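**Q** Protein chains in written order, with the working numbering: chain A, 1 to 214; chain B, 1001 to 1251.
Do not rely on the hints blindly, as some may be mistaken.
Claimed, not checked - Think about it this way: if two alpha-carbon atoms lie no more than 25 Å apart in a straight line, the pair counts; the simulated DMTMM-like pairs of lysine to aspartate or glutamate are:
hint	chain 1	residue 1	chain 2	residue 2
1	B	1142	A	126
2	A	119	B	1237
3	B	1142	A	136
4	B	1029	B	1134
5	A	78	B	1160
6	A	142	B	1160
7	B	1142	B	1113
8	B	1104	A	181
9	A	118	B	1113
10	A	118	A	181
As the list claims (entries may be wrong) - Now the stretches of chain A that chain B is said to cover, found in silico as 3 or more residues with beta-carbon under 8 Å:
hint	stretch
11	35-41
12	68-79
What the hints assert, rightly or not - Some chain B residues close to chain A (C-beta under 8 Å, calculated; not the full set):
hint	residue
13	1053
14	1058
15	1062
16	1069
17	1079
18	1144
19	1156
Source of the hints: derived by calculation from the structure; they are not laboratory data.
Note that the structure is a prediction, hence the values are computed from the model and not measured.
Ideal Cβ placement from N, Cα and C applies to all residues, glycine included.
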Amino acid sequence: MIKESDLQAEQASQREVVPAGDYYMRELKAGQTLRILDLEGNQAADTLFYSAADPSERYSAMDTIREQGNVYLTAGTKLLSNLGRVMLTITADTCGRHDTLGGACATESNTVRYSLDKKCMHACRDSWLLAVAENEQYGLTKRDITHNINFFMNVPITAAGGLTFEDGISGAGKYVEMRAEMDVIVLMSNCPQLNNPCNGYNPTPVEMLIWDAA
Amino acid sequence: MNSTISQEPIYQEVINGAAHWSVTVPAGKTLRFTNPEGASNVSLLFYNPKDLLERYNAPDTLKCQHTFKLTKGNCLYSDMGRVFCSITRDDTGWIDSVGGLANKQKVAEKWGERSYQTQGNLWLQNGYDAMLVELAKYGLGKRDMAANINLFSKVAADAEGNLQFEQNASKAGDVIELRFEMDTLVLMTTCPHPMNPASEYPNHGVEVAMLEADPVSEDDYCRNFRPENGRGFENTERYRCVSQASTCCEA
């Protein structure tokens, strides 16, 4: 569902451009709103959320899609934790659909998807692992790297049960916005994928904007 | 073609409904699940017993095989690009990859609350707690619970992405066989699927048998099901070589 935001970028309390292939890890307080802005288009923002109070509570793709009865995420979707609680609500979306089935690229899965010699290419799970290693204050490790959201990715499902990778429905300036319903840790890898056409083999930066509770 | 249905099992037993269990399955063995009345659900998770940080990865499995449903020919991948097991037989045609597990609140909402004191073993166990118990046996916990699969359950999506649990997708006597390509710790629960619309708590068990699998040939159905699976098998074979060699040296 296309829904534009009323929030003005000039009023954001924090703004940070995340280069392609880099990660963003930050605490978001309950009531704050986060916008992920696809600056040049066709990026994939591979994102995980953890409860800041107890990171063993985290975003659950299964709980989220089952309880909303739909596999795609958009404005109005509540992002649920593994304990079935609402972590964030998507409040605005100018793409209309985001994927939570396709997961993140990894050096290991790249060998399976593309060819065995792709092992040394940069991948999103590398970015997450670097993030948890560099941010020991959160106490996260590889065991916390779970099934994520791919903001801006379009992965339609067929009635026969197929999974297809379509051209992105994102574009320069499109964004998705969500309000934190609890204090959360945001861990986002700005997808460095160079093996498939999801970003036209041209990884680009995204911008992360935060507004404080009104 | 790869079915081991005619073989004598090495081991077999019945797992009651609303129960949980785990077993380490060696590479080269098959687990055969039989749905006695057609109404069972079996939720599964997979771990590498030598490195519990290596576990079933739903998105890698779905994405690399371009599929939302799992069935014969599909392989179940770890997060390390290896194949835990291949689905060598699936009489149902559709194994659920997204429904997850019901928790205590969900079960109470759908089927009411019952206590162990009044109901004994007919109390209404939930899949989430059942898996937590099995995880804890190996020093694992909530943080290690990955997205699971559900045998004998079908969850489809329409063009708009709306999810539908399909009742009666499995028939009495349906068999699903998983052939293990590496040593794997398998966690399972027979608690009901969270989307099952049954008015009464569905309390149905499953028959599980372990069998010797035929060696994987070059023209193996699962290995050749997609080019990705050939590479997944190659990764797994390399790992088996190394991990078995080191066991040898230690012994």
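**Q** All hints, please: hold or fail.
**A** For each hint, the structure was consulted:
1. A threshold of 25 Å between alpha carbons decides the hint, and for residue 1142 (chain B) with residue 126 (chain A) the separation of about 23 Å falls inside it, so the pair holds.
2. Taking the CA atoms of residue 119 (chain A) and residue 1237 (chain B), the gap is about 16 Å. The hint holds against a cut of 25 Å.
3. For the given pair, residue 1142 (chain B) sits about 20 Å from residue 136 (chain A) by alpha-carbon distance, which is consistent with the 25 Å threshold.
4. At roughly 21 Å between alpha-carbon atoms, residue 1029 (chain B) and residue 1134 (chain B) fall within 25 Å of each other, so this suggested pair holds.
5. Distance hint between residue 78 (chain A) and residue 1160 (chain B) is fulfilled; the C-alpha atoms sit about 18 Å from each other, no more than 25 Å.
6. A distance of roughly 34 Å separates the Cα atoms of residue 142 (chain A) and residue 1160 (chain B); the hinted pair therefore is violated under the 25 Å criterion.
7. A distance of roughly 23 Å separates the Cα atoms of residue 1142 (chain B) and residue 1113 (chain B); the hinted pair therefore holds under the 25 Å criterion.
8. Proposed proximity of residue 1104 (chain B) and residue 181 (chain A) is supported: the alpha carbons are some 22 Å apart, at most 25 Å.
9. Under the criterion of a C-alpha separation no larger than 25 Å, the hint pairing residue 118 (chain A) with residue 1113 (chain B) is inconsistent with the structure, at around 52 Å.
10. Of the supplied pair hints, the one linking residue 118 (chain A) and residue 181 (chain A) is violated, its CA atoms being roughly 40 Å apart against a limit of 25 Å.
11. Coverage of the stretch 35-41 of chain A by chain B is violated in this model, with 0 residues showing a Cβ closer than 8 Å to a Cβ of that chain against a need of three.
12. Only residues whose beta carbon comes within less than 8 Å of a beta carbon in chain B count, and the stretch 68-79 of chain A has 4; three or more means the coverage holds.
13. The criterion of a C-beta within 8 Å of any C-beta in chain A is met by residue 1053 (chain B), whose closest approach is roughly 5 Å, and the hint holds.
14. Hint on residue 1058 (chain B) holds. Least Cβ distance to chain A is approximately 6 Å, under the 8 Å limit.
15. Using the Cβ-Cβ criterion of 8 Å, the hint placing residue 1062 (chain B) at the interface with chain A is satisfied: the shortest such distance is roughly 6 Å.
16. Taking 8 Å as the C-beta contact cut-off toward chain A, the hint placing residue 1069 (chain B) at the interface holds, the least distance being around 3 Å.
17. For the restraint placing residue 1079 (chain B) at the interface with chain A, the shortest Cβ-Cβ distance is roughly 7 Å, inside the 8 Å limit, so the hint holds.
18. Annotation: interface hint on residue 1144 (chain B) holds; nearest CB of chain A at approximately 5 Å, less than 8 Å.
19. Checking residue 1156 (chain B) against chain A by beta carbon gives a least distance of about 7 Å; that is within 8 Å, so the hint holds.
Consistency note: the structure conflicts with the earlier hints numbered 6, 9, 10, 11.
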